Amino acid sequence: MANFGYSLTKSSRIDLNNRNIEKWNRLVELEPDVLKCMACGSCTASCTAGKFTKTSLRSAILYLQNGQEKEALEYIQSCLLCGKCFMVCPRAINTRHLLLSISKIYSNR
Amino acid sequence: MRERIIGGYDHFVLPFMIGMIFILVYLLIAMIKVIMSLPASDRKKLALSLINPKIMYKNIRDIICDCLLHIKIFKRNLLLGYMHASIAFGWFMIIVIGHIEVMLFVPQRNGSLYYPLFYRFFVAEQNQTLKGAVFFFLMDFFLLVILSGIGLAMYKRIRSRALGMRRTTKPCFADRVALYCLWSIFPLRLLAEGFTAGISGGSFLTKPTNMLFASFLGNDMNIMPTWWAYSTVLGIFFLALPFSRYMHIPTEAFYIFLRNAGLKIHHPRKGVAEAEIYSCSSCGICLDACPMNVQKKNLPYSSVYFIRFQRRNNKKKINEIADKCLMCGKCVALCPVGVDSCGLKQAQRAVVNNTLPYDYKFLGTAGHTAAAPQNDDNGILYFAGCMTHLTPAIIKSMTKIFEAAGEKYLFADKDGGVCCGRPLMLAGKTEAAKEVIAKNTQNIMESGCKTVVLSCPICLKVLKEEYNLKGITLLHHTQYINNLIQQKRLVLNKSEESFVFHDPCELGRGCNIYNEPRNVLQSIGQLKKAGKEKKESICCGGSLGSLTLNYNDRVKITQESLNILTYNNPDKIVTACPLCLKTFSDQSARPVVDIAQTVAENICNGCIKQ
Numbered sequence: 010m011a012n013f014g015y016s017l018t019k020s021s022r023i024d025l026n027n028r029n030i031e032k033w034n035r036l037v038e039l040e041p042d043v044l045k046c047m048a049c050g051s052c053t054a055s056c057t058a059g060k061f062t063k064t065s066l067r068s069a070i071l072y073l074q075n076g077q078e079k080e081a082l083e084y085i086q087s088c089l090l091c092g093k094c095f096m097v098c099p100r101a102i103n104t105r106h107l108l109l110s111i112s113k114i115y116s117n118r
Numbered sequence: 008m009r010e011r012i013i014g015g016y017d018h019f020v021l022p023f024m025i026g027m028i029f030i031l032v033y034l035l036i037a038m039i040k041v042i043m044s045l046p047a048s049d050r051k052k053l054a055l056s057l058i059n060p061k062i063m064y065k066n067i068r069d070i071i072c073d074c075l076l077h078i079k080i081f082k083r084n085l086l087l088g089y090m091h092a093s094i095a096f097g098w099f100m101i102i103v104i105g106h107i108e109v110m111l112f113v114p115q116r117n118g119s120l121y122y123p124l125f126y127r128f129f130v131a132e133q134n135q136t137l138k139g140a141v142f143f144f145l146m147d148f149f150l151l152v153i154l155s156g157i158g159l160a161m162y163k164r165i166r167s168r169a170l171g172m173r174r175t176t177k178p179c180f181a182d183r184v185a186l187y188c189l190w191s192i193f194p195l196r197l198l199a200e201g202f203t204a205g206i207s208g209g210s211f212l213t214k215p216t217n218m219l220f221a222s223f224l225g226n227d228m229n230i231m232p233t234w235w236a237y238s239t240v241l242g243i244f245f246l247a248l249p250f251s252r253y254m255h256i257p258t259e260a261f262y263i264f265l266r267n268a269g270l271k272i273h274h275p276r277k278g279v280a281e282a283e284i285y286s287c288s289s290c291g292i293c294l295d296a297c298p299m300n301v302q303k304k305n306l307p308y309s310s311v312y313f314i315r316f317q318r319r320n321n322k323k324k325i326n327e328i329a330d331k332c333l334m335c336g337k338c339v340a341l342c343p344v345g346v347d348s349c350g351l352k353q354a355q356r357a358v359v360n361n362t363l364p365y366d367y368k369f370l371g372t373a374g375h376t377a378a379a380p381q382n383d384d385n386g387i388l389y390f391a392g393c394m395t396h397l398t399p400a401i402i403k404s405m406t407k408i409f410e411a412a413g414e415k416y417l418f419a420d421k422d423g424g425v426c427c428g429r430p431l432m433l434a435g436k437t438e439a440a441k442e443v444i445a446k447n448t449q450n451i452m453e454s455g456c457k458t459v460v461l462s463c464p465i466c467l468k469v470l471k472e473e474y475n476l477k478g479i480t481l482l483h484h485t486q487y488i489n490n491l492i493q494q495k496r497l498v499l500n501k502s503e504e505s506f507v508f509h510d511p512c513e514l515g516r517g518c519n520i521y522n523e524p525r526n527v528l529q530s531i532g533q534l535k536k537a538g539k540e541k542k543e544s545i546c547c548g549g550s551l552g553s554l555t556l557n558y559n560d561r562v563k564i565t566q567e568s569l570n571i572l573t574y575n576n577p578d579k580i581v582t583a584c585p586l587c588l589k590t591f592s593d594q595s596a597r598p599v600v601d602i603a604q605t606v607a608e609n610i611c612n613g614c615i616k617q
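From first to last, the protein sequence lines are chains A and B. Just so we're aligned, residue 10 is where the first sequence starts under our numbering, counting upward by one. Just so we're aligned, residue 8 is where the second sequence starts under our numbering, counting upward by one.
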């Protein structure tokens with residue numbers, strides 16, 4: 010493609026039709042705590058891996074709800090499962106199991 | 008001393024022989040299967056251990072103490088210990104003495120499988136001879152010992168609390184068959200020998216039995232039916248053995264050889280794991296041990312049922328239980344057989360979770376953020392750990408202690424470092440953990456420090472077990488502070504304040520550190536005892552081990568643990584793990600502090616200079 014010195018940015022449109030309800034329901038079944046999240050961001054703030062990468066459970070949950078599964082996985086792939094998010098979560102979400110369950114259901118193994 | 012039956016055979020031995028041959032062939036095949044499924048290096052290790060006199064001595068000692076005398080159960084409860092030991096040791100002695108009798112009196116029958124067992128039927132003896140009387144007496148004595156044990160076992164079915172067990176395992180069908188056979192083997196033996204005692208002779212137990220029955224049954228027609236019954240019950244017991252919990256009798260001895268050779272679980276169902284699974288006696292000691300069982304609904308998640316489902320290969324149940332376990336290790340510490348059920352569960356998790364994708368490329372750039380390494384040989388590296396960063400009071404206190412002792416130290420993860428890898432191991436992501444471990448090892452080695460002080464027992468355990476840190480001493484801060492006090496580099500004010508110490512799972516059962524924190528606390532104030540402590544301490548409920556246990560269930564465990572800790576009404580609860588500290592602090596009415604905090608508060612600043 011010719012270089013015009015500028016380019017079009019990728020669309021940031023969120024298509025909720027992409028959301029896989031079946032997978033989401035399976036996730037809710039495995040770890041019902043996912044529904045408790047109020048996106049406060051305590052998990053992200055305390056994250057060990059978050060110091061080096063963009064790891065964020067809060068973002069991952071939001072992206073999953075928006076049907077952006079690939080992006081969601083990028084936000085948790087560097088997780089070290091250290092459990093700090095579980096300790097700080099004001100909603101007492103079982104974060105480690107949630108993280109494992111997301112990986113199990115959404116990643117192509 | 009003469010053989011009563013010419014040819015030394017009667018049809019009634021057939022049921023016994025069928026069972027015996029079946030079990031011998033079964034055991035041989037099973038043993039070969041287990042050995043073949045071991046990795047080659049493990050097989051070599053096992054072979055070498057068999058020619059090592061030190062390990063052989065340990066094997067023999069363990070078999071006598073664990074399999075026959077059940078010393079571990081004796082230590083828990085005398086009656087329960089006697090019940091197990093009387094049956095195991097008594098039966099063993101009856102078999103041994105039977106063989107000795109055959110060897111001494113009818114050497115031509117040596118090698119016959121049934122002769123030692125049915126000796127009284129085949130050989131008539133005079134108890135007037137000294138030899139005969141001694142053996143008669145010994146046989147009757149051990150039979151009496153076993154019968155008393157069987158009596159206790161029956162009583163335990165009705166009232167298990169009398170033998171120190173709140174809960175017992177629910178037996179499955181094969182267990183019941185084997186159990187009732189086991190119960191009837193010895194009373195039937197008494198009857199059979201009793202009826203025969205008129206012809207073959209007997210001692211203090213069999214003679215009176217004979218006389219008693221002779222008074223109203225009056226003839227020898229009962230001899231054959233009772234011997235048939237005795238032989239049949241033995242046969243059924245052996246046929247049911249591989250499918251019942253009594254498979255632990257032969258497997259336990261075999262497992263002791265594997266354990267003492269230092270073999271580790273490499274697969275959740277094969278090799279060592281298989282031997283462990285069949286060594287489980289379903290005794291149910293783990294039911295009372297498990298902290299989750301403070302709620303009755305969690306009983307089905309106990310180790311004993313995990314192993315039962317392992318035997319049945321019920322994948323769904325196995326995974327469910329494996330994911331729920333807190334991995335506190337109490338069931339392993341109390342298990343009379345030494346089955347490492349936590350190791351089995353961890354291996355099972357690895358089967359499921361090891362293939363989950365991960366991306367740890369960032370580890371390459373994550374280094375120590377601390378100052379330039381000191382090349383001081385005695386330099387100390389302080390590794391706080393993730394959890395300790397959530398409880399900064401511990402870090403502050405440790406800084407104060409280092410300063411008071413005049414210690415030069417390097418703070419490895421001052422601005423937050425990489426996780427130690429233990430949580431990944433616990434979740435079964437062992438491959439991922441290896442990357443983290445490699446990175447941390449590199450960081451620790453590069454620092455040039457020869458001692459690592461850690462504040463988190465979770466990190467300490469993995470550093471001890473999985474890291475390759477040659478020449479580096481690993482200390483938990485309780486050990487480090489204890490050393491400082493002993494070297495008089497740290498002097499503390501003693502007050503009237505009373506403490507209770509909570510043994511964190513990973514520090515106590517995990518790293519075997521029980522006395523150091525108690526020594527430290529005794530030099531600050533009064534140490535009170537908890538309801539259950541040391542090996543029996545109860546998990547705080549915050550454990551990273553459990554994957555699926557939710558918050559509400561964890562709160563129940565925390566409250567139970569707190570109730571047991573405050574049994575003697577201490578002023579403060581002291582612990583040595585940031586995770587326990589955080590979990591308890593949320594629930595406890597009493598102040599909960601880390602041991603470093605109490606020490607830092609009570610440092611006597613002027614004392615050292617004086």
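Calculated directly from the structure, the hints in this document are not laboratory data. Note that this is a predicted model, so its numbers are computed, not measured. Here a beta-carbon is modelled for each residue, glycine too, at the ideal position from N, C-alpha and C. Check the hints yourself; a few may be wrong.
Claimed, not checked - Distance windows between CB atoms, simulated: (1) B:C72 <-> A:K45: 47 to 55 Å; (2) B:C611 <-> A:V97: 46 to 54 Å; (3) B:L57 <-> A:V97: 48 to 56 Å.
As the list claims (entries may be wrong) - In silico lysine-lysine, DSBU-like type, Cα no more than 35 Å apart, as pairs: (4) B:K477 <-> A:K60; (5) A:K60 <-> B:K79; (6) B:K407 <-> B:K52; (7) B:K477 <-> A:K45.
Claimed, not checked - On the chain B side, residues computed to face chain A include the following (Cβ under 8 Å): (8) Y365; (9) F369; (10) C393; (11) L397; (12) P399; (13) L431; (14) E438; (15) L551.
Tested hints:
1. Between B:C72 and A:K45 the CB atoms are about 51 Å apart, so this pair conforms to the stated range of 47 to 55 Å.
2. Between B:C611 and A:V97 the CB atoms are about 36 Å apart, so this pair departs from the stated range of 46 to 54 Å.
3. Between B:L57 and A:V97 the Cβ separation comes to about 52 Å, which falls inside the hinted range of 48 to 56 Å.
4. Of the pairs offered as hints, the one joining B:K477 and A:K60 holds, with about 30 Å between alpha carbons and a cut-off of 35 Å not exceeded.
5. A C-alpha spacing of about 48 Å is found between A:K60 and B:K79, which places the hinted pair above 35 Å, so the restraint is violated.
6. Annotation: proposed proximity of B:K407 to B:K52 is violated, straight-line Cα distance about 48 Å (limit 35 Å).
7. For the suggested pair B:K477 and A:K45, the alpha carbons sit about 46 Å apart, so the restraint of at most 35 Å is broken.
8. Restraint check, B:Y365 versus chain A: the minimum CB separation of about 6 Å is within 8 Å; hint holds.
9. Evaluation of the B:F369 hint against chain A yields a held restraint, the C-beta minimum of about 4 Å falling below 8 Å.
10. Look at B:C393: its Cβ gets to within about 4 Å of chain A, closer than 8 Å, so that hint holds up.
11. Look at B:L397: its Cβ gets to within about 6 Å of chain A, closer than 8 Å, so that hint holds up.
12. Checking B:P399 against chain A: minimum C-beta separation of about 12 Å lies over 8 Å; hint violated.
13. The beta carbon of B:L431 comes within 5 Å of a beta carbon in chain A, closer than 8 Å, and the hint placing it at the interface holds.
14. Look at B:E438: its Cβ only gets to about 13 Å from chain A, farther than 8 Å, so that hint breaks.
15. The interface hint given for B:L551 is met, as the beta carbon of that residue sits about 5 Å from the closest beta carbon of chain A, less than 8 Å.
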